[in-house]
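Order-wise, the sequence lines are chains G and A.
For the first sequence, counting from 1, position 117 maps to 133 in my numbering; every step adds exactly one.
For the second sequence, counting from 1, position 7 maps to 23 in my numbering; every step adds exactly one.
Simulated from the structure, these hints should not be mistaken for lab results.
Among these hints, one or two may not hold up.
[Said to hold, decoys possible] Covered stretches of chain A (in silico footprint by chain G; criterion: 3 or more residues with CB under 8 Å from a CB of chain G, positions within the stretch not fixed):
| no. | segment |
| --- | --- |
| 1 | 66-80 |
| 2 | 172-179 |
| 3 | 271-278 |
These figures come from a predicted structure and were not determined experimentally.
All C-beta atoms in this analysis are idealised placements derived from N, C-alpha and C, irrespective of residue type, glycine included.
Protein chains: 2
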Amino acid sequence: MKIEQLRYVIIAPEAEVVKWQAAFAKIAPTLTLEVGPLVEAPETVSILLLWNHPAGCLKAFTNAQLIYSLGAGVDHLMRDPELPKHIPICRIVDPLLSFSMSNYIIFALLYYHRKWDKYVADQKAQIWDHDAPPEIPIKVGILGLGTLGQDAAIKIKHLGFDVVGYSPSPKPLTGIQTFHEGQIDAFLASCNVLVCTVPYTSATHGLLSMTLFKKLKKPTFLINASRGKVQKSQDILQALEMGILTGAFLDVFEQEPLPKESPMWQHPKIYITPHVASITNPQAGAKQMLKNVQALLDHKPLEHQVNPSKGY
Amino acid sequence: MKIEQLRYVIIAPEAEVVKWQAAFAKIAPTLTLEVGPLVEAPETVSILLLWNHPAGCLKAFTNAQLIYSLGAGVDHLMRDPELPKHIPICRIVDPLLSFSMSNYIIFALLYYHRKWDKYVADQKAQIWDHDAPPEIPIKVGILGLGTLGQDAAIKIKHLGFDVVGYSPSPKPLTGIQTFHEGQIDAFLASCNVLVCTVPYTSATHGLLSMTLFKKLKKPTFLINASRGKVQKSQDILQALEMGILTGAFLDVFEQEPLPKESPMWQHPKIYITPHVASITNPQAGAKQMLKNVQALLDHKPLEHQVNPSKGY
Numbered sequence: 017m018k019i020e021q022l023r024y025v026i027i028a029p030e031a032e033v034v035k036w037q038a039a040f041a042k043i044a045p046t047l048t049l050e051v052g053p054l055v056e057a058p059e060t061v062s063i064l065l066l067w068n069h070p071a072g073c074l075k076a077f078t079n080a081q082l083i084y085s086l087g088a089g090v091d092h093l094m095r096d097p098e099l100p101k102h103i104p105i106c107r108i109v110d111p112l113l114s115f116s117m118s119n120y121i122i123f124a125l126l127y128y129h130r131k132w133d134k135y136v137a138d139q140k141a142q143i144w145d146h147d148a149p150p151e152i153p154i155k156v157g158i159l160g161l162g163t164l165g166q167d168a169a170i171k172i173k174h175l176g177f178d179v180v181g182y183s184p185s186p187k188p189l190t191g192i193q194t195f196h197e198g199q200i201d202a203f204l205a206s207c208n209v210l211v212c213t214v215p216y217t218s219a220t221h222g223l224l225s226m227t228l229f230k231k232l233k234k235p236t237f238l239i240n241a242s243r244g245k246v247q248k249s250q251d252i253l254q255a256l257e258m259g260i261l262t263g264a265f266l267d268v269f270e271q272e273p274l275p276k277e278s279p280m281w282q283h284p285k286i287y288i289t290p291h292v293a294s295i296t297n298p299q300a301g302a303k304q305m306l307k308n309v310q311a312l313l314d315h316k317p318l319e320h321q322v323n324p325s326k327g328y
Numbered sequence: 017m018k019i020e021q022l023r024y025v026i027i028a029p030e031a032e033v034v035k036w037q038a039a040f041a042k043i044a045p046t047l048t049l050e051v052g053p054l055v056e057a058p059e060t061v062s063i064l065l066l067w068n069h070p071a072g073c074l075k076a077f078t079n080a081q082l083i084y085s086l087g088a089g090v091d092h093l094m095r096d097p098e099l100p101k102h103i104p105i106c107r108i109v110d111p112l113l114s115f116s117m118s119n120y121i122i123f124a125l126l127y128y129h130r131k132w133d134k135y136v137a138d139q140k141a142q143i144w145d146h147d148a149p150p151e152i153p154i155k156v157g158i159l160g161l162g163t164l165g166q167d168a169a170i171k172i173k174h175l176g177f178d179v180v181g182y183s184p185s186p187k188p189l190t191g192i193q194t195f196h197e198g199q200i201d202a203f204l205a206s207c208n209v210l211v212c213t214v215p216y217t218s219a220t221h222g223l224l225s226m227t228l229f230k231k232l233k234k235p236t237f238l239i240n241a242s243r244g245k246v247q248k249s250q251d252i253l254q255a256l257e258m259g260i261l262t263g264a265f266l267d268v269f270e271q272e273p274l275p276k277e278s279p280m281w282q283h284p285k286i287y288i289t290p291h292v293a294s295i296t297n298p299q300a301g302a303k304q305m306l307k308n309v310q311a312l313l314d315h316k317p318l319e320h321q322v323n324p325s326k327g328y
């Protein structure tokens with residue numbers, strides 16, 4: 017059996033479908049990417065490519081062999097109670113994804129470290145202040161040491177910053193102190209820039225809350241480039257108000273797009289981007305996916321397989 | 017002879033003197049840092065610490081054994097025709113200097129790469145634009161591969177960017193294509209973000225000019241964190257006007273402080289900082305200096321010695 021002989025169905029918003037079809041046309045022109053959820057003979061479909069699929073639509077694909085999330089996050093899959101758990105589920109972890117994510121995080125932390133707000137205001141007012149210290153001393157905490165969190169931790173360390181990391185299971189990283197289960201308070205007490213790179217699961221729902229903010233070293237700058245439901249917007253606003261947080265650089269929000277009436281838009285200490293920290297590159301993703309389909313046919317181990325019991 | 021038995025004289029602006037005296041008090045409390053240029057028995061002074069000394073004041077120090085620049089740049093020394101050239105001249109190259117310089121440069125290039133102007137404007141207008149590509153593809157050229165330029169090149173490469181470098185003499189760097197004497201046009205034609213980290217010498221005076229800008233890949237973003245006299249402000253303004261440059265992130269200016277009447281202040285495509293990319297940390301610098309004084313007494317090779325014939 018060859019990878020071209022399998023049937024592939026994509027179930028995703030229109031814009032995503034167009035991007036992935038174009039990518040497959042380039043990478044594997046002999047392969048057809050059918051658009052679901054309504055296709056003929058769904059029982060002969062092998063590979064499902066999913067992004068925000070409608071609940072209930074997976075039932076028909078009774079002989080699917082592999083499910084692929086079209087991004088790094090899999091929360092959109094996990095919330096479907098009918099998601100088949102007996103077949104492998106994989107996610108895209110392309111190198112460009114960590115390139116973009118880490119550079120987004122580094123931009124956000126240098127924005128704070130290098131006092132960019134001050135220099136923007138000074139330029140506007142034509143003030144030449146050579147004598148003020150141009151940097152804020154920071155110790156960076158990476159909350160979540162998955163593929164993306166580790167990449168960010170290593171790169172930030174390489175730039176010369178003190179870095180600590182937290183992840184439920186021990187993840188040793190050269191030159192970086194890491195904390196695990198039971199040590200989260202010690203982790204939080206040790207850093208004053210908190211970078212959130214956790215997956216969204218029932219365990220991380222609402223994790224970025226006042227309770228957590230109070231445990232960090234002051235003043236604390238928050239960067240969230242993971243998932244919006246990991247944070248409590250009201251708590252971020254309140255923590256800024258109380259001076260517990262000194263700023264928040266946010267790519268994700270509890271509700272996306274961020275509603276027009278949100279007070280976050282015009283908050284002088286909140287920096288907003290529209291969930292663009294890391295956009296999956298479909299061509300790199302398609303290559304990775306087909307390599308995994310080949311591994312499946314060869315009965316070899318798959319890369320970037322999701323553990324459904326953990327939820328990521 | 018011990019390092020404490022030598023006489024040290026600092027000749028620098030008041031603010032610098034205060035900082036270095038504090039640093040020496042911490043690092044070497046038994047050592048006296050006398051403030052010049054007017055001191056008793058200048059002929060018994062061994063070590064001169066200089067930053068923007070008044071011309072002509074060095075004559076009296078007839079038995080100086082070592083001259084130290086209190087920063088990475090030595091142009092302030094070289095412009096004094098009476099600078100003694102028969103004794104070693106060293107400059108501070110502390111690790112924090114490259115920490116700060118590289119992070120400044122990386123902030124500036126991510127500012128452009130991650131389209132920060134767009135996202136600031138979008139936030140202000142409450143626009144959630146998830147679909148626009150969030151990054152500008154860039155290839156980074158480092159003009160000047162001294163200690164600071166090399167550090168920046170290596171770190172930017174480590175972040176996943178394509179990096180090329182230029183330096184008059186060949187400087188091989190792993191994974192980075194480098195150009196040298198005679199290849200500057202090929203270097204310029206290969207990159208669309210130009211980072212200037214050259215020393216200021218007669219050869220680099222006015223180097224960043226229209227002639228040079230025209231040779232770069234379009235659209236070009238300029239970052240100058242070296243010395244102001246390396247650039248021609250009028251040419252930068254004109255190149256922006258003509259669309260040859262798409263933006264300029266400048267830490268240095270031909271005249272500093274930047275004059276109030278300069279059109280650069282309010283230019284929407286010029287990002288100004290007041291010569292703060294890299295500030296020498298006096299304690300780290302003092303340690304490095306005393307290590308070199310010890311080497312001098314031991315007749316061992318000195319670190320970071322300047323070549324006066326090259327001017328850096």
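Each hint, compared with the structure:
no.	hint	verdict
1	66-80	violated (count 0)
2	172-179	holds (count 3)
3	271-278	holds (count 4)
Checked against the numbered hints listed earlier, the structure breaks hint 1 alone; every other hint is satisfied.
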